[in-house]
Every structure is written in C-alpha cells, then in structure tokens.
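Undergrad: Here's the letter readout for the chains.
Number of protein chains: 2
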Amino acid sequence: MQKPSIPKGTRDFSPVEMAKRNYIFNTIRDVYHLYGFQQIETPAMENLSTLMGKYGDEGDKLLFKILNSGDSLAGITDEELLERNPLKFAARVCEKGLRYDLTVPFARFVVQHRNELSFPFKRYQIQPVWRADRPQKGRYREFYQCDGDVVGSDSLLNEVELIQIMDEVYQRFGIRVSIKMNNRKILSGIAEIIGEADKIVDITVAIDKLDKIGLENVNAELRSKELSEEAIAKLQPIIQLSGTNREKIAVLKEVLAGSETGLKGVAELEFIFDRVDLLTVKAELELDLTLARGLNYYTGAIFEVKALDVQIGSITGGGRYDNLTGVFGMDGVSGVGISFGADRIFDVLNQLELYPEDSLLTTQLMFVNFGEKEEAYLLPLVASVRAAGIRTEIYPEPVKMKKQMGYADAKKIPFVALVGESEMTEGKINLKNMITGEQKPVTVQELIEAFK
Amino acid sequence: MQKPSIPKGTRDFSPVEMAKRNYIFNTIRDVYHLYGFQQIETPAMENLSTLMGKYGDEGDKLLFKILNSGDSLAGITDEELLERNPLKFAARVCEKGLRYDLTVPFARFVVQHRNELSFPFKRYQIQPVWRADRPQKGRYREFYQCDGDVVGSDSLLNEVELIQIMDEVYQRFGIRVSIKMNNRKILSGIAEIIGEADKIVDITVAIDKLDKIGLENVNAELRSKELSEEAIAKLQPIIQLSGTNREKIAVLKEVLAGSETGLKGVAELEFIFDRVDLLTVKAELELDLTLARGLNYYTGAIFEVKALDVQIGSITGGGRYDNLTGVFGMDGVSGVGISFGADRIFDVLNQLELYPEDSLLTTQLMFVNFGEKEEAYLLPLVASVRAAGIRTEIYPEPVKMKKQMGYADAKKIPFVALVGESEMTEGKINLKNMITGEQKPVTVQELIEAFK
Chain U
6 MQKPSIPKGT RDFSPVEMAK RNYIFNTIRD VYHLYGFQQI ETPAMENLST LMGKYGDEGD
66 KLLFKILNSG DSLAGITDEE LLERNPLKFA ARVCEKGLRY DLTVPFARFV VQHRNELSFP
126 FKRYQIQPVW RADRPQKGRY REFYQCDGDV VGSDSLLNEV ELIQIMDEVY QRFGIRVSIK
186 MNNRKILSGI AEIIGEADKI VDITVAIDKL DKIGLENVNA ELRSKELSEE AIAKLQPIIQ
246 LSGTNREKIA VLKEVLAGSE TGLKGVAELE FIFDRVDLLT VKAELELDLT LARGLNYYTG
306 AIFEVKALDV QIGSITGGGR YDNLTGVFGM DGVSGVGISF GADRIFDVLN QLELYPEDSL
366 LTTQLMFVNF GEKEEAYLLP LVASVRAAGI RTEIYPEPVK MKKQMGYADA KKIPFVALVG
426 ESEMTEGKIN LKNMITGEQK PVTVQELIEA FK
Chain S
6 MQKPSIPKGT RDFSPVEMAK RNYIFNTIRD VYHLYGFQQI ETPAMENLST LMGKYGDEGD
66 KLLFKILNSG DSLAGITDEE LLERNPLKFA ARVCEKGLRY DLTVPFARFV VQHRNELSFP
126 FKRYQIQPVW RADRPQKGRY REFYQCDGDV VGSDSLLNEV ELIQIMDEVY QRFGIRVSIK
186 MNNRKILSGI AEIIGEADKI VDITVAIDKL DKIGLENVNA ELRSKELSEE AIAKLQPIIQ
246 LSGTNREKIA VLKEVLAGSE TGLKGVAELE FIFDRVDLLT VKAELELDLT LARGLNYYTG
306 AIFEVKALDV QIGSITGGGR YDNLTGVFGM DGVSGVGISF GADRIFDVLN QLELYPEDSL
366 LTTQLMFVNF GEKEEAYLLP LVASVRAAGI RTEIYPEPVK MKKQMGYADA KKIPFVALVG
426 ESEMTEGKIN LKNMITGEQK PVTVQELIEA FK
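If you read the sequences in order, they're chains U and S.
Residue numbering for the first sequence follows my numbering, beginning at 6 and increasing consecutively.
Residue numbering for the second sequence follows my numbering, beginning at 6 and increasing consecutively.
Do not rely on the hints blindly, as some may be mistaken.
A pair counts as met if it fits within one copy or between any two copies, since identical chains are not told apart.
Listed below are the simulated EDC-like cross-link pairs for lysine to aspartate or glutamate, each with C-alpha atoms no more than 20 Å apart in a straight line [said to hold, decoys possible]:
#1 K407 / E121
#2 K416 / E402
#3 K8 / E121
#4 K287 / D314
#5 K416 / E46
#6 K417 / D35
#7 K408 / E121
#8 K407 / D159
#9 K407 / E443
#10 K66 / E100
#11 K13 / D76
#12 K93 / D83
#13 K258 / E275
#14 K25 / D35
#15 K258 / D279
#16 K66 / D106
#17 K93 / D76
#18 K416 / D35
#19 K8 / D336
#20 K25 / E121
#21 K253 / E265
#22 K253 / E273
#23 K13 / E100
#24 K59 / E100
#25 K417 / E121
#26 K445 / E431
#27 K253 / D279
#28 K437 / E426
Hints listed in this document are in silico derivations from the structure and should not be mistaken for laboratory results.
Required output: the full structure, derived from the provided sequences and hints.
TA: Shown next as structure tokens:
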C-alpha cells in the first residue's frame, strides 16, 4: 500500500493552521465590511475561453486545465492526435480550467451580472487560485487571494479608502507596515519627457539599485540600456529623488512640467496625500517611483505594502486599472483594487508571534469521563454549560485518566472538570486549571460565571 | 465578442447569496466549535491514486481530472493514443483530480498526519466538492459540504453528540426537523433471520412504500423480488413496525432474538435513545428501518434529517463506519460523522424566510457626497463612525442626489446621513431613516449611540 500524499505545491491545513488562517481571513473580512464591501464567490472552474489569453503566453501554460468528462477524444482526428502539440491538444480535450486569479473571474462576473449590480460596486472575494508554477519555498500551486475592488467609479476617494483599509487591517494585526505608492501616469510622464517610452522598466529597475550600487553605477546601467546622455541627464533629479513625499512631489512637478500625463499623475498622488493627511493613518506612506508592478495593467495609482519588521516580499498590492471589463465587451468600467497575500501575512504573524491568544483557543473546557454512571449524570450538565456558550467536550470513553489528560494537553484545553462519586453527591464540579495546576470545587453556576 | 458565461452546473454567488451562505456556514461552524470540533482544510486537487476506486465505477467517471501540465502527451505511444480508450487515456494524461467528497480526503489526511493528531480526533471541514454529474435542478457540479466526524473512538457518546449538534444547528436556524435513525446491524440482523443477506435493499425499498401502496402490495413486491413465503412471513412484524421508538425496539428485540448482530444494533440504538432522553433535544427522533443510506459503507448508526415544513430530500445525513482509513493502510480506526447539505438548507431557509435580518445587513450607514469641501470635512468624521464599529460608506462622487439615494436603496442601506453647508456650520448630521423616511439632525455622538 502506497503512503498517501498530496500533489506537490498543495497543502493540508491542520486545526492550528486553520485557526490562524481564519483569524487572518476574518480580520480582513471585518475591515472590508466596515467599508461597505460585499462578498462574492465565483466557481473554481471557468471556461478556458474566459481565462486564455488574459495572463500572457506563460500564464496560458500555467493554467490547470480540466479534461472534458465523457469521451474527451471524441471529434479529434487521428492526425490531430499524432501532431502532439501540447497546447493545441489541451485546447481540444479541455473546455474548463481552474481560476488563476480573482481578477479575471471578477471582470467576467461584472459583465455577466451587469444588470443586477448597482455601481459603484464594492466587492471582496476570498478564494483559492491555482497555478501550475514550479513549487518552491513560499510559492504554492494552490493559494488564497483576498481581493477588494471598487468598480464603476473614477473617484480618488476609492484610493483613499483602500489606503485606510490596508492601514486598518495591519493595525488590527499589529504589523508595522509601509505603504508604498506610485502612479502609472508619472512613469508615463517620465518616459515622455526623456523620449524613451519603452525603457520605463529598465529605468525603474536601475533606480531601485541606487542604495546598493550608487549613482555612478546606476547611470552606467542606464547607458548600457542605450539611454541617451540627454535622457540620463534629465533623469538625474528623478534618480536622486529624496526627502518627504511633499518634497518629492515638488521636484516631480518641475521635472514633469512638459508632460500633461505626468502632471496628472502627480496631481492624483497629491490629492490622495492631502486626503490621507485629514485622517489618522498609522502606516508610513511613501512615494516610491521604483514601484512598477502590473505595468501593462495599471493606469493610475499603484500600491504595495511592505512589513517593516520582517524580511519578506510585498504583503499587499494593487492599483487602478481603466478597463477591467473591456476584454469581455463592456467598456468604460474603471476600477481600483488591492489584494492581501494571506500566505505571507501568515508567515509574518508567525515570525512576530502576533496571533491573539483567543484566536487559537478551541475547546475551553473538558469533562473527564469516569464511567457510565458519571457520563449519564454529566450529559445534561454539559449541555447547560454549552448553552451558556462555553465550548465544551466530554471525553467519549472512560479510559485511563492519563490518556484523557493527555488529550486535553495536546488540544491545549485550558480547563478540565472532574466529576466523580463524591462530586456527584455534593453537586460540585472539581475545576482544574491546566496551566497553574490549581484545582477547586465549584457549582455549575460558578463554573459558568468563571468563563465570562 | 462572446457573452461571458460559466461552466454548466457551476454558480456565481451574489452579495446577498453570500450573506445567506455565510450565515449558514457560520451557524454550523459555531455549533461544531461548541462541541470541540476543529477545522481542517485539504487541497482541491488530490492525486488520482487517492481518489480512484473509492466511489465505484460510476464515481471514477464522475471525477474531474486535471490534465498534466507541460507536455501531457510525453511518454505515450502512438498506439496508446489511437486506442481511444477514454478512461485509460485519462489515466495517462492526468495525475490529479478534484475532490469528489470530503470523506476520502479526510481519510487520506488522517493517515498522512497520524503522528501529529491526537485521537479521538474531532474535525469539521467546510469546502466545495466537484462531480461531473449531469446538472439538473438542485444538483450542481460544484457544491459545498459541511462534514463533521469523530475518528478513533467507538463510544456511542459520539453518536449522541452528533444528534445534539444536528438538533442545535436546526434550532438555531429555526427549522423544525425530524432526525431519522437506523442501524446497519439491525438491517444485517433482519437479513440474517430471513436468510436473504443480499435482499436488504429490496426489503427497505418495499417497506418504504407501505404508506403509499398498502401491506398487500408490499408483500407482492417482496414476492416479485423472489423472497420466500417463509421470509415474507417473518418480515410481517418488521413491515408493520409502528408506535413509539420504545415500542419499535421491543418488537425488534423479539424478531431479532436469533441474531447476535441484530440485537447488538438494537442495543446500540437503545443506548442512544436512553442518553438522548437525558437531554432536551427538540428535534423529533424516529427509528426508521427504511433508512439504508451508504449501506456498503456504514457499519452502525445511520442518520438522516428531514425538514418538517418543506418538501425536500434529506438535509443532513451520516453514520458510523468501522474502517475509514483501511484503504490507505491504517486499520482499526472507527469513526462516525455527519454532513450538512448547505444547498438544501439554503433552499429551506429561503422558502420559510428564516434568515435573521441582521444576517443580511451589509452597510449600516451611507454619507451622501455633496462636493469636494463636504467630502474633506466628512473624511475624519466618517473615520470616527467606523472606529465605533459602524459599517459606513461615503458615496465616492458628488453626483446627483437621486443617484446616490438609489445606490443606498439598491444596497438596502437602512440609514443615510446628509451633511451640507448648514450642517457643517452647526456641527450636525442630518440622519435619514430610509424605511420610515424620518429625518433628524444629530451630533456624531448621538449618531454613534443610535447604532448601539
């Protein structure tokens, strides 16, 4: 008999891991609710016609495809079979695939249900996604995303609220974070003024190395990417951009004076900073021009959250996109959204030991089972304790005390109740604190009170 | 551009549907917790070697199989390809499948993690499963199961607790139910005394028709299934079994006097009824010999829950199995479990309109947006309202009042706050009750108090 296992890159979650994950999901969910976001869910399987071509060629390959049920080879000629073209073959025998992210299914949802929705539509979605990536440390083939998006509104107030949401979530977790911000229009403006529209990625990658390799080497790298001396000269104030967000904005306004798009991006950022200044946002907010995530995708604000006390990649990211649903035939729907990385948040909370004690508590009280008579006596008593909301177990069998106590220990149950012959006579419960070892007789009412 | 759609048999869940489903899942979850059950999750994809052969030939066909990523045809000869044997072909190009239920993955989990678990292990699991069934009304290709099982304990106290759990869940839902019970050993005993071990299903099917077709026709049906006259005679007290559970048990003890197994089943049932009598279980408990679900699978108690006020199939079911993990090489692990049918519970709650009002409430309060100045004034005010835990929105754009009120209406937001020029001067908020239409000026403190 083979030892059972699960597919590589997937995970089982134990009770303790689930308690931690539920704490994460519930915290994020509560904050989304506080801001009027509503939950939706979409099916794990989407039609491949919905998914293909949305994530680039590489993404098409990384989609998990589901073999058509019944005779999957029906209608395929021998020639096609023997051609052995993997992608073409997959397209013939598979109509469905597992969702790759929550964004494309959301876009599909918005278009499909456009007449039932009222816009602006604020939705959140917490579901697993699947990618046939090569598994490695911290990268899984099945993982959860926690997305929040507002679609159908151009207002920058939505960006402000998403910043508040990120701030609130990390405050509740007790994780100190920096929210880095950029704007796609500023990057476009920079490309515009130096006349090198296609070099934006090279430029942000080079600037990102300033601290590590110094200005001379950054400029050398730009030269190696065939930027003109004139362009590099114009870039100097941007490469060396520093100081407060307001100081950076002042410099950008000067440098980007010749680009309408660039100035619009600066104005958007400035508006957001102005609004946030009216609020008590605890997270550090930082204008970071090297932020270039989802460059082909985002059209305005770009966000990324970094944990300050743990070395780990970004734990939340997002931005504004101008035409989410265009690919499904519904134009003019702008949106802005963020995605919390549950797996990384899990790691950060573990490393900093930030889980609140009560988030991990399962059973609060266990009654020891001394035998048939005691068990019958205890049943209605245990029921009344549960009716008071106390999570209670009675050990199901009258086995050795040591085994029962071992069970309570392994499950980290903080209190154990002992009711034997004499306690039954006296109408008392011997309540044992499993941490201090202290033991004392109490009535049912006293026991219930003790848990309040 | 094609109109986007989702695979047949799958569903999108709208915000209102999600609120209802979350109410269902949270209620079930809370009750499982109250009894010391802990949550686990397993991956959507399992190795096909884990799933195949566990659900019969039909089940093997209904498994959704996932095409191997990369070159799925590598290593397959031309001859094998041209053989066009669907199942054999699937086995060559697919290593993984979507889980078909939560029981087999749970058995795999228990065996794989046996050294990390402490037994008895009480776990619950709420996750979707996938079946390539022909979709029809009420039958989906993706649906959730909510399973609770205790493994590693033979004690009948577990059966008693599962009855309490089912009772508590349906009390919380406000659904009046009957919990029907049977025992596999009683059915085996009946087969034993009439000497027709393989006719058990025919017998229960025939007995089930008593009310509809009458005794004569039931006996005729048994004859048509080639039961001997002697066997049919012996079956008469069983076919006509009626009265209270205790009366039924008395008859069964007589009829099954010659079958050790049968009497053991009766004793088990009697023990469970005795224990339940000590408790205040509200659900009707009924011994029902026609209950024969999972006959090849269950070895002791069999449960089924029927809603009393809605015509619908069973809404929860379960039973005891003696060797859950044997198929994965770990013998001697007995278990007992139940599974709540979330989709049917959803339908019952809808039909009886039993959703508590606050389970459907999303945003509690919306601030109207009158313009830039008002928006800037409102931001810190709205933040303080949210800090008091009130789920609050501010409309993101200063569009026409009618549109903003329409949004609040569509989202069923019960209160709308208006803060214009004069309210700003007076430091007041004009609070409008969207149901009564009543409107009155309040301070922030009064507003927060009003929501408590």
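Undergrad: Measure nothing new, just compare the shortest in-copy and cross-copy C-alpha distances for K253 and D279 to 20 Å and report within, between, both or neither.
TA: within (14 Å within a copy, 77 Å between copies)
Undergrad: Evaluate K258 and E275 at a C-alpha cut-off of 20 Å and name the case that applies: within, between, both or neither.
TA: Classified as within: same-chain Cα gap 11 Å, cross-chain 84 Å, threshold 20 Å.
Undergrad: When no copy is named, should K93 and D83 be tagged within, between, both, or neither for a Cα gap of at most 20 Å?
TA: Both. Shortest intra-copy (14 Å) and inter-copy (17 Å) distances satisfy the 20 Å Cα cut-off.
Undergrad: Pop the pair K93 and D76 into one bin, within, between, both or neither, using alpha-carbon distances up to 20 Å.
TA: both (18 Å within a copy, 11 Å between copies)
Undergrad: Are the CA atoms of K258 and D279 at most 20 Å apart within a copy, between copies, both, or neither?
TA: within (16 Å within a copy, 82 Å between copies)
Undergrad: 20 Å Cα cut-off: does K8 pair with D336 within a copy, between copies, both or neither?
TA: Classified as between; 14 Å across copies, 52 Å inside a copy.
Undergrad: Up to 20 Å between alpha-carbons, please classify K417 paired with E121: within, between, both or neither.
TA: Answer is between; shortest inter-copy Cα gap is 14 Å, intra-copy 48 Å.
Undergrad: Indicate which option fits the pair K13, D76 if close means a Cα-Cα distance not exceeding 20 Å: within, between, both or neither.
TA: Cα proximity of K13 and D76: across copies only (17 Å, versus 28 Å in one copy).
Undergrad: Should K8 paired with E121 be assigned to within, between, both, or neither, using CA atoms and 20 Å as the limit?
TA: between (49 Å within a copy, 16 Å between copies)
Undergrad: Please sort K59 with E100 into within, between, both or neither, judging by C-alpha distance up to 20 Å.
TA: within (16 Å within a copy, 26 Å between copies)
Undergrad: How would you classify K417 and D35 at a CA-CA limit of 20 Å: within, between, both, or neither?
TA: between (27 Å within a copy, 19 Å between copies)
Undergrad: Checking K407 and E121: alpha-carbon separation at most 20 Å within a copy, between copies, both or neither?
TA: Result: close only across copies, 19 Å inter versus 60 Å intra.
In the structure shown, no violation is registered for any of the earlier numbered hints.
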